[in-house]
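S.K.: The lines below spell out each chain.
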Amino acid sequence: MSQQVGAIKRINGSLVVAEGLRGARTGDAVYIGELRLIGEVVRISGDLVALQCYEDTSGLRPGEPVIGTGAPLMAELGPGLIGEIFDGLERSEIELWKLTGPFIRRGVRIAPLRRDRRWGFESRVKPGDEVEEGDVIGVVQESSVVEHRILVPVGLRGVIESIEEGSFTVDDTIAVLVAPDGRRIPLKLVQYWPVRIPRPYRERMPIDRPLITGQRVIDTFFPVAKGGTAAIPGGFGSGKTITLQQIAKWSDADIVIYIGCGERGNEMADILTHFPELEDPRTGKKLIERAIFIANVSNLPVAAREASVYMGVTIAEYFRDQGYDVAVIIDSTSRWAEALRDISGRLEEIPAEEGYPAYLSERIAELYERAGRVVALGRDRRIGSVTIMGAVSPPGGDFSEPVTSTTMRFVGALWALDTELAYRRHFPAINWLRSFTRYVEVLEDFWVKLDPQWRTYRERALAILEEASRLEEIARVIGEKALPNDQRLILLTAEIIREGFLVQNAYHRVDTYCPPERQVKLLKIMISFYDFASELIKLGVPVDRIRGLKSVMELLRLKEREELEEIDAAYERVRGDLERLKAEYEAAGVMRGA
Amino acid sequence: MSLAREKAGPVYRTVREVRGPLLVVEGVKGVRYNELVEVKLADGTEIIGTVLDVYENRVVVQVFGQTEGLSLDAAVRFTGDVMRIPLSEDLVGRIFSGSFRPLDGLPEPIGYERREIFVSVINPAAREPPSEFMQTGISVIDGMNALVRGQKLPIFSEAGLPHNIMAAQIARQSTVLGSEEEFAVVFCAMGIKHEEYEYFRREFERTGALDRSVMILNLADDPIIERIIAPRIALTIAEYLAFDLDMHVLAILTDMTGYCEALRSISIAREEVPARKGYPGYMYSDLASIYERAGKIKGKKGSITMMPILTMPGGDITHPIPDLTGYITEGQLILSRELHGRGIYPPVNPLPSLSRLMKDGVGPRRTREDHMEVANQLYMAYAEGVRARDLARIIGELSLSDREKRYLKFAEEFEKRFINQGVYENRPIEKTLEIAWGLLAMLPEDELVRISEENIRKYHPRYRSA
Ligand SMILES: Nc1ncnc2c1ncn2[C@@H]1O[C@H](COP(=O)(O)OP(=O)(O)O)[C@@H](O)[C@H]1O
Ligand SMILES: [Mg+2]
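Protein sequence lines correspond, in order, to chains A and B. The letter at position 286 of the first sequence is residue 286 when you use the working numbering, and the numbering goes up by one with no holes. The letter at position 182 of the second sequence is residue 182 when you use the working numbering, and the numbering goes up by one with no holes.
These aren't lab readings, by the way, just hints derived from the structure by calculation. Remember, it's a predicted structure, so these values are computed and weren't measured experimentally. Where is the CB? At the ideal position from N, CA and C, for every residue including glycine. Keep in mind that a hint or two might mislead.
[What the hints assert, rightly or not] Facing chain A, according to a computed beta carbon distance under 7 Å, are these residues of chain B, among others:
(1) Y33
(2) Y55
(3) V121
(4) R276
(5) G278
(6) I297
(7) G315
(8) T318
(9) Y327
(10) I395
(11) L398
(12) S401
[What the hints assert, rightly or not] Straight-line Cα separation of at most 30 Å, DSSO-like style, residue types lysine-lysine; simulated pairs:
(13) K359(B) - K286(A)
(14) K298(B) - K286(A)
(15) K277(B) - K193(B)
(16) K538(A) - K481(A)
(17) K285(A) - K298(B)
(18) K481(A) - K416(B)
(19) K538(A) - K405(B)
(20) K301(B) - K98(A)
(21) K405(B) - K416(B)
With these hints in hand, go ahead and build the complete structure from the sequences.
M.R.: Structural data, given as structure tokens:
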């Protein structure tokens, strides 16, 4: 690749205009100025090339050199990604800290993967084997949970001439491939992929299994599927970050990529502190052993937010191609969209709504399009998935603004947060009337194995909640007391479902994660309670008698019980109490009848 | 002038255009983006500015001082360096203008080093998550929205509400339990009135905090544009005190609305496409570059705890200034005109208020094991009570159910006994929790669902008196 050299003509924030950068293409990475700040070509007009600079441009002068790399912005992929925290350009923030102290410095170039670290490589093919793109040539046990599969890079095929096992750095040659044209190509543990181009796969697969998050309101009511997409919009303080962190912690993905895009530094510090301590409820292994963080926090240069999202998704696709289920979490996509707006404004493009460029919806759609469940390249038909879940931060909490309204069109599940619920400390503050999911049908098979009635429970619970909010509107005018008993029972049941099922405290030792079996059981009990209590109401039992039962109020706390048997036992107590009430009123009824 | 290293660099008299706080200078060479500029007006006044846009030999300069008197005959000197201030421990106890001119009659400060004021980003990997409970002695804060050292927690207020009194009370009473470390207050005024500043000064003086404070003042009649640099000067000093001198710094920034107005006026002068209500699209990132300077760093003793104060235009929390602030800060304390009207001080409405870092600062070994649960229960019960009160306004109190009546009573007592307290009343956390339990005891025990059964048995007055 030839190096092109140009000179700076203009500097305006993150926008740098250079001239003389002949042969540059949009998307090419460039080094800007004497400090060699990293940037990317965003527009070419005649001899002038507009560059988006990913680092602070203070101190740059017209006339300083701009060097084109002739290649697009790449993700470096290979062992050493797991457990790392990168900035949006894949620089390790831990290495940066060691190198330049606790404050970020500019123009520091460090390779994403550590060069000094050696990895134990085990081969899966032998000399003479024919391989094609995507085939696994060997593995590295990167962490106790992640077997890093080394793939023949996209675009290559041929015959393995030699392959070694042993301990290697990412730059060592582990195998030599002879291409059909006779070229001998060294294969390494490291490979590269341009972040803005989706990695290819063999074919898309139907989406048919849930991403279990352990959060009841999500898994039971508004589930997301592996390979699907979800967005979580909400005003500040409504619970976007905590919900996404809960998913990062407890979801049953193989790999979690957490992209802190334009959000708080302390939130990243908090995750970095806690992940190494937390254990996966399924494997008992430390969560850090399956996680990768990208922390392009709010006070880092805005332009790099844009790149950070693609960087994270590209790394996700790379693990997908190894046959893993990867969860990508983006907090927040609004900050990414604002970065688009910022550069668009500086380029003086014609703005559409609220200053956002006209191509906003295209970009949002393209981003979520990178989710999916696929058969990867390679002959063993590995299946992997990328699930993308993004926070949306609507200004003033107004969901009609461009980023929220556009995102809602493209995602498969929407977890709409509600400030009113958050004020009451009803968390997760996911509003059950405004949220949706398109995955219920495809996920039914999974749940039905736990309880054949699952779909019915779910629908009835939603119906009760909906009816309750209608009744609450009425009660707001006439008072709850004025409602008939059967309606008050709906209100009571809705309260039990809300407090006992929907509310889930992220900081509670037991309740932070609720396995699917417990979710189904809790819901079933609440529906059974409603059915039984309805009978009593018909017999003339006032709702206050039911509410007054200690065992009924205990339903609110059942979620905190770890053992399924305890839940059963508690329900037996409810039933016993209701039976007694029933007997009492039946007796009274008989007497009246007599 | 102490923002520039020395009187050096080329001078140009080629201003071609003046537009509000912006100057277009032509024929210049070798100018750096963001570099510090000194502008000398015809009458000899000197003001400073920075380079906003460089297009070959044409430069747009933004000035930070008085914009009246700016004209085409101004002399512009490009210093070749970004804006820096000298730093030393001698800054403690001093008072400066928003562009760092001494206002206390003392000489220009000399420092060991000069640090740039605009760009300062803590590496997220180097941050220490804040976790030490700071007792403010104010129940509604300590009990329900506890502040931790290194947090950024703003007060959202409205004109006429006692945010200054409250901020001063916090500055006066804040302590980290069981620690006796060096503290300092960095106070940055942006567009507040003289009497408001005088109030803070007197309060700090009375409690001896004045000797431990640095004041950067841009008052209501000072140049608006200067507010862009004032908080950056303040925070550069705060960082020096915290991370070089190991001090625990409380940074009070007031009023952030004044700051944002300055930001907007520059954006309008630059004819940028606004995002909402005329405020620029980059306001989120700009505010983040200020607020995110709070925090703690691994391996360093000091900390910056930040308390920005802002007045919500029209009392509207969805206005871009409180909205974007809330998206960046670690919670918010919201003052309510209604509570104030009922004579409750501090009039903090707990429902929309939040301390995101509370959970890391309270609990066993920090405050008390029941602290977080009690807070959650108070939230739930108060929300319930407020709802009952709204209902009573429509249907009358008599038509409420017994349960609703109980919660209504709870809300009233809660406001009177828990939220309400004296300006000089300093309640230890045990006292705050004791009041809370007294109130929760008004409710049926099995409705205290946010509190674990163990903690109910341990702390509920019913079991304690027995
Ligand atoms: N599931 C939850 N359990 C307990 N508290 C929660 C939960 N979700 C949110 N919160 C509370 O709400 C606060 C704000 O949540 P956060 O996710 O940071 O909001 P956002 O990202 O929408 O601004 C948190 O600090 C926490 O106190
Ligand atoms: Mg958040």
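S.K.: Now, for every hint given, state plainly whether the structure supports it.
M.R.: Here is how each hint holds up against the structure:
Interface hint status for Y33(B): upheld, as the beta-carbon distance to the closest one in chain A is roughly 4 Å, under 7 Å. Taking 7 Å as the C-beta cut-off, the interface hint given for Y55(B) holds, the closest approach to chain A being about 4 Å. Evaluation of the V121(B) hint against chain A yields a held restraint, the C-beta minimum of about 4 Å falling below 7 Å. Here the hint on R276(B) is kept, as its CB sits about 6 Å from the closest CB of chain A, short of 7 Å.
Proximity of G278(B) to chain A is violated relative to the hint, the smallest CB-CB distance being about 11 Å (cut-off 7 Å). Interface hint status for I297(B): upheld, as the beta-carbon distance to the closest one in chain A is roughly 5 Å, under 7 Å. Evaluation of the G315(B) hint against chain A yields a violated restraint, the C-beta minimum of about 14 Å exceeding 7 Å. The beta carbon of T318(B) is positioned within 7 Å of a beta carbon in chain A (closest approach about 3 Å), and the interface hint is therefore held.
For the restraint placing Y327(B) at the interface with chain A, the shortest Cβ-Cβ distance is roughly 4 Å, inside the 7 Å limit, so the hint holds. Evaluation of the I395(B) hint against chain A yields a held restraint, the C-beta minimum of about 5 Å falling below 7 Å. The interface hint given for L398(B) is violated, since its Cβ lies 9 Å from the closest Cβ of chain A, which is over the 7 Å cut-off. The beta carbon of S401(B) comes within 4 Å of a beta carbon in chain A, closer than 7 Å, and the hint placing it at the interface holds.
For the hint pairing K359(B) with K286(A), the CA-to-CA distance comes to about 22 Å; that is within 30 Å, so the pair holds. With a C-alpha separation of about 22 Å, the suggested pairing of K298(B) with K286(A) holds against the 30 Å cut-off. Of the pairs offered as hints, the one joining K277(B) and K193(B) holds, with about 25 Å between alpha carbons and a cut-off of 30 Å not exceeded. As the CA atoms of K538(A) and K481(A) are separated by approximately 18 Å, the hinted pair is consistent with the 30 Å bound.
Our distance criterion of 30 Å between C-alpha atoms is met by K285(A) and K298(B), whose separation comes to about 26 Å. The hinted pair formed by K481(A) and K416(B) meets the criterion: a straight-line CA distance of about 28 Å does not exceed 30 Å. For the proposed pair K538(A) and K405(B), the alpha carbon gap of about 28 Å is at most 30 Å, so the pair holds. For the given pair, K301(B) sits about 18 Å from K98(A) by alpha-carbon distance, which is consistent with the 30 Å threshold.
For the proposed pair K405(B) and K416(B), the alpha carbon gap of about 17 Å is at most 30 Å, so the pair holds.
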